[in-house]
Amino acid sequence: MDATQYTIKQISVFSENKPGRLAAIAGALQDEGINILAFSIAEANGFGVVRALVDKPDAAYKKLNSIGFMISFTDVIAVKMRDVPGGLFEMAAILSEEGINIEYSYAYSGREAAVLILRVDRVNEAVEKILARGGTLLSADEFS
Amino acid sequence: MIAWDPNMELMPEADLKEMQYKLLKTLVYRLYSFSNFYHERMETHGVHPDDITRLEDVVKLPYMVKSDLRDNYPDKIFTATPKELVRYHVSSGTTGKPTVVGYTKNDLENWTESLARALTSCGVGRGDVVQVAYGYGLFTGGLGLHYGAERIGATVVPASVGNTERQLELMQDLRVTVICCTPSYLVHIGETAKKLGISIKNDTRLKAAILGAEPWSEQMRLRIEDEMGIKAYDIYGTSELSGPMFSECTEQNGIHMWSDLAFVEIIDPETGQLVPDGESGEMVVTILQKEALPIIRYRTGDITSIDSSSCPCGRTHPRIARLTGRVDDMLIIRGINVFPSQVEHALLGIPEVSGHFMIEVDRVGALDNMLVKVELNPEAFSDKINDILDIRRKVGHTLKNMLNVSVAVEISEPGSLPRFEGKAKRVIDRRVL
Numbered sequence: 813m814d815a816t817q818y819t820i821k822q823i824s825v826f827s828e829n830k831p832g833r834l835a836a837i838a839g840a841l842q843d844e845g846i847n848i849l850a851f852s853i854a855e856a857n858g859f860g861v862v863r864a865l866v867d868k869p870d871a872a873y874k875k876l877n878s879i880g881f882m883i884s885f886t887d888v889i890a891v892k893m894r895d896v897p898g899g900l901f902e903m904a905a906i907l908s909e910e911g912i913n914i915e916y917s918y919a920y921s922g923r924e925a926a927v928l929i930l931r932v933d934r935v936n937e938a939v940e941k942i943l944a945r946g947g948t949l950l951s952a953d954e955f956s
Numbered sequence: 564m565i566a567w568d569p570n571m572e573l574m575p576e577a578d579l580k581e582m583q584y585k586l587l588k589t590l591v592y593r594l595y596s597f598s599n600f601y602h603e604r605m606e607t608h609g610v611h612p613d614d615i616t617r618l619e620d621v622v623k624l625p626y627m628v629k630s631d632l633r634d635n636y637p638d639k640i641f642t643a644t645p646k647e648l649v650r651y652h653v654s655s656g657t658t659g660k661p662t663v664v665g666y667t668k669n670d671l672e673n674w675t676e677s678l679a680r681a682l683t684s685c686g687v688g689r690g691d692v693v694q695v696a697y698g699y700g701l702f703t704g705g706l707g708l709h710y711g712a713e714r715i716g717a718t719v720v721p722a723s724v725g726n727t728e729r730q731l732e733l734m735q736d737l738r739v740t741v742i743c744c745t746p747s748y749l750v751h752i753g754e755t756a757k758k759l760g761i762s763i764k765n766d767t768r769l770k771a772a773i774l775g776a777e778p779w780s781e782q783m784r785l786r787i788e789d790e791m792g793i794k795a796y797d798i799y800g801t802s803e804l805s806g807p808m809f810s811e812c813t814e815q816n817g818i819h820m821w822s823d824l825a826f827v828e829i830i831d832p833e834t835g836q837l838v839p840d841g842e843s844g845e846m847v848v849t850i851l852q853k854e855a856l857p858i859i860r861y862r863t864g865d866i867t868s869i870d871s872s873s874c875p876c877g878r879t880h881p882r883i884a885r886l887t888g889r890v891d892d893m894l895i896i897r898g899i900n901v902f903p904s905q906v907e908h909a910l911l912g913i914p915e916v917s918g919h920f921m922i923e924v925d926r927v928g929a930l931d932n933m934l935v936k937v938e939l940n941p942e943a944f945s946d947k948i949n950d951i952l953d954i955r956r957k958v959g960h961t962l963k964n965m966l967n968v969s970v971a972v973e974i975s976e977p978g979s980l981p982r983f984e985g986k987a988k989r990v991i992d993r994r995v996l
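Heads up: the sequence lines are chains A and B, in that order. Each residue of the first sequence is one higher than the last, beginning at 813 in the working numbering. Each residue of the second sequence is one higher than the last, beginning at 564 in the working numbering.
Worth flagging that the hints you see were computed from the coordinates, not collected in a lab. Just so you know, these numbers come straight off a predicted model, no measurement behind them. Just so you know, not all the hints are guaranteed correct.
With a straight-line cut-off of 27 Å between C-alpha atoms, the simulated DSSO-like cross-links for lysine-lysine are [what the hints assert, rightly or not]:
#: 1; chain 1: A; residue 1: K830; chain 2: A; residue 2: K874
#: 2; chain 1: B; residue 1: K758; chain 2: A; residue 2: K874
#: 3; chain 1: B; residue 1: K988; chain 2: B; residue 2: K758
#: 4; chain 1: B; residue 1: K936; chain 2: B; residue 2: K988
#: 5; chain 1: B; residue 1: K585; chain 2: B; residue 2: K623
#: 6; chain 1: A; residue 1: K830; chain 2: B; residue 2: K936
#: 7; chain 1: A; residue 1: K830; chain 2: A; residue 2: K875
#: 8; chain 1: B; residue 1: K947; chain 2: A; residue 2: K941
#: 9; chain 1: A; residue 1: K874; chain 2: B; residue 2: K757
#: 10; chain 1: B; residue 1: K988; chain 2: A; residue 2: K830
#: 11; chain 1: B; residue 1: K764; chain 2: B; residue 2: K794
#: 12; chain 1: A; residue 1: K821; chain 2: B; residue 2: K758
Using C-beta positions, here's what the derived DEER-type ranges look like [said to hold, decoys possible]:
#: 13; chain 1: A; residue 1: A835; chain 2: B; residue 2: R956; range: 26 to 34 Å
#: 14; chain 1: B; residue 1: P875; chain 2: A; residue 2: L834; range: 56 to 64 Å
#: 15; chain 1: B; residue 1: E781; chain 2: A; residue 2: R945; range: 54 to 62 Å
#: 16; chain 1: A; residue 1: G898; chain 2: B; residue 2: G760; range: 52 to 60 Å
#: 17; chain 1: A; residue 1: R945; chain 2: B; residue 2: E754; range: 47 to 55 Å
#: 18; chain 1: B; residue 1: G760; chain 2: A; residue 2: L834; range: 26 to 34 Å
#: 19; chain 1: A; residue 1: A905; chain 2: B; residue 2: D950; range: 22 to 30 Å
Heads up, the beta-carbon is just placed ideally off N, CA and C, and yes, glycines get one too.
Next comes chain B alone, as it looks inside the complex (with noise of 0.2 Å):
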């Protein structure tokens, strides 16, 4: 195993722990003292710097959501001095205005440290030639992999995202050996290159694709190593934390979340108190070294459990399971919870159809109607209508058994639903509640 900061990504968990505390203890004297916004929100709150006396007090401190950075829009709750700031990111605002956020020079290099060691455990290094296919510019995805591969040692090629035809072409031609991108677009890469004739196994030395930004699933991946005789590695981060930052070793197990820069907790969204390890629930992340945005207890929306057992690859920092869905992309369908990754995960699992899909939501009278469509694989086409009736009533079968919620499932011809190459958006939701 090759880690990049053996010292770092090996040491004792107990030792980690210590670490965490006095980097929080740190952390909450500096913001209790220097931050407008903590120091209101900790009076509020009742509690004082000196009442964390151990990790576990962190739970003494109040959550921070999307909505704290929306209102305090655009840096008030920065704590560095504007010439401290080196760079701006902003967030694609999927869910609402964008937010801002802001870096110093260390906090640019805890985030490329991040990666560096993130890429390395996904056997990425010096002689690999990563395609960024991120989109590079306000997002944090595009440049953030390009320092961290820069930082290993790797060539990087900046392709951004789209131009899919070139993408292939740069694959090819610069004996690319890894790419980052989101899922949804390596799986369009993948549609078109098949259009193109051209194998990604065989015509090209991909062996790993660092994938994120969206959820996905594990049939997704199996899929996806399958069709193009690589690795897929899932990739977590979100720009509040910095952008990218945590990634799956080679266990493809987890993802591990740096101690010294993230401490995690899971809880339960409804009442916000700490799941036990190894439950769902929503992922809370305090970033400890951030200087220009600090970041105590954000309730990320994400919904993931932790594992904190040793890993296999002798990394002692816990590990996150792949994300199941966001908190705000949850659909209520006749009062169950349904998560668009539940569809995917479904789908992925029937061969007659493609992993495209789109739902659609409407109220008649009182009740709730969730009607997904999905693109029939050409290979499954029958000429047979009682053929075709059967894939969907085993759609709509599988669906049910996965959401616990009767669905109607309409089939579309291939290609006819929207593909995405940044965040999917599959749910139109037409209820006015």
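Okay, chain A solo, but in the shape it has when bound (with noise of 0.2 Å):
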């Protein structure tokens, strides 16, 4: 089974926490007529990390670091949810059962439906076992 169609390419970028860095990494962005789909910070004391889901991630990584970002791709995966309660469990269901693990996730309720980002340590058994449960899965190519 062929896990690559589902897998997307998500940006992860390093920035210290201060004032402007994300409105720096935001501008850029724009700069490059680069759209932002899904989107998350995680932060610790001092410094944080913005993850992205952007259309075209090539472009966003070369222009990221070409400012002077620490910028890297992440295989991540997104699953379309019921945007109905118990949505989310069905997902967490299927992948616990499965034992694979989640390292993080973050969601966005899109038109259609809920979107789940997943970053797990399995992708390609998390792909597969999702799609055998009936679960559906976006393919990259509806992020660009």
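Relying on the hints, combine the two individually framed chains into one complex.
Structure representation (structure tokens):
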């Protein structure tokens, strides 16, 4: 089973926790005409990691790297959830039963459904199990 | 082994000691007779040249400190007449008012010979192309290495410091084999090369670097040697002694201090007492043949130890260990002595962070807080916060083991901490004591 089409390139950017850093990232993406589709910030004392799904990840990487940001790609998957009570439980239960660990996740409520972005320890297996159990994954194409 | 001046460099130790005694005796008589400064000092201290009857009697003479030079600004200690002076250098004054050093023709000759021996001992000679990337001008580094390298018949590229892209261009186009600069500047050159897609290892003929004017560590040496495919040698000197004068030989195990030029003692900086060979302390130097600005028992403020055992290279002159700090750089954090060089030493052993760092010290209530800012290496960056927190913990833990004092650690973006092209100023001490 080929999980590649469901593997989405997230950009992860290191940022010192001080005023203006997020604006610098967002401004640079705007300059390149890059659209942010989903977004989260994880913060610790003094620094944070900005994670985002964008429509042009390679262009975003190049731009942010060129202005001195530390940036990397991370493979994540995007699961469509039923936007009703229990929607999140269904997905979490599948991964839990298969022993797949969620490193972190964030969600957005889109036009058609709620979407859960997942960073898991075993991407291929997660894709396979979710599909096998009737779940719906967004393909990478849908983010470009 | 090739020596520049084999008769001198390989002289049996006993003969060297005998020569040092004669030079010291002559120096003391000359200064007692012709220098107001030294005459008064010796009178006050109750010592007469006749009291010096063997080399060990040097301890009867008073110490000289940096402020003696500042207080006698610009030339009150000089014992040469203005007509005999052929050059001035002025120290950078990082730790106070500048000091002026004058040179006679013989002073320049001894300085140049000292460096000719040092460079030769690093395997540099005719056919080598030496890029001198120390500052030219009032600072002694540039002109010192310049004349030393010319003396041994090497080709000199007087690049001075700065304009790093041009330094790299010259290095490639003029087939430079040896570079002389501060260790942090060479690291900066390396980083710039990487950005430009130049591999110093593969795209240049560089084989050696002569690095000094600031403390650096063994790990930094290994990193430089590995990344650039070169040998990196430590060089020592300060403007008060003439400038850079002494370096490691190809054994890379201590800096040979030419005994005919310098008499070295290591003392406890607190008590002023001599410490045994091999033990760390402040280096005190007497320059035995200086004419314009005579230097007797000058407290350099540099922390090192001395090794008088014979060197496998065959040179009989004693070696000092890599400097581990300066008496005046020493920070006292919650009663514990901390040297910035220890922080550097610790960080170079942690691949997840770069060698650049800043130390900030504050006092909160009665407690000293030391913060060390480090840069994360891009290869170590992870999208998971916990991975970065682990690195921060590791840095904090390593520093605590090295310094015996807890420090806070801040992870910064790569390239965000200051780079230094001259002497690095990595400590911001905001304590009001």
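Each hint tested on the structure:
Of the pairs offered as hints, the one joining A:K830 and A:K874 holds, with about 23 Å between alpha carbons and a cut-off of 27 Å not exceeded. For the hint pairing B:K758 with A:K874, the CA-to-CA distance comes to about 14 Å; that is within 27 Å, so the pair holds. About 25 Å separates the Cα atoms of B:K988 and B:K758, which keeps this hinted pair within 27 Å; it holds. Taking the CA atoms of B:K936 and B:K988, the gap is near 13 Å; set against the 27 Å cutoff, the hint holds.
Distance restraint check for B:K585 and B:K623: the Cα-Cα separation of roughly 16 Å lies within the 27 Å cut-off, and the hinted pair is therefore satisfied. For the given pair, A:K830 sits about 14 Å from B:K936 by alpha-carbon distance, which is consistent with the 27 Å threshold. The straight-line distance between the Cα atoms of A:K830 and A:K875 is roughly 21 Å, inside the 27 Å bound, and the hint therefore holds. About 24 Å separates the Cα atoms of B:K947 and A:K941, which keeps this hinted pair within 27 Å; it holds.
A threshold of 27 Å between alpha carbons decides the hint, and for A:K874 with B:K757 the separation of about 17 Å falls inside it, so the pair holds. For a cut-off of 27 Å, the pair hint linking B:K988 to A:K830 stands: about 24 Å separates their Cα positions. A C-alpha spacing of about 11 Å is found between B:K764 and B:K794, which places the hinted pair at or below 27 Å, so the restraint holds. Distance check on the hinted pair: A:K821 and B:K758 sit about 25 Å apart at the alpha-carbon level, within 27 Å; holds.
The hinted window of 26 to 34 Å between A:A835 and B:R956 holds, with their beta carbons roughly 30 Å apart. Taken as a hint, the range 56 to 64 Å holds for the pair B:P875 and A:L834, whose Cβ atoms sit roughly 58 Å apart. For the pair B:E781 and A:R945, the supplied restraint of 54 to 62 Å holds, since their beta-carbon distance comes to about 57 Å. Distance hint check for A:G898 and B:G760: the Cβ-Cβ separation is about 54 Å, which falls inside the suggested range of 52 to 60 Å.
Checked against the hint of 47 to 55 Å, the C-beta distance between A:R945 and B:E754 comes to roughly 50 Å, which is consistent with it. Range check, B:G760 to A:L834: about 31 Å between beta-carbon atoms, so the 26 to 34 Å window is met. Between A:A905 and B:D950 the CB atoms are about 27 Å apart, so this pair conforms to the stated range of 22 to 30 Å.
Checked against the numbered hints given earlier, the structure satisfies every one of them.
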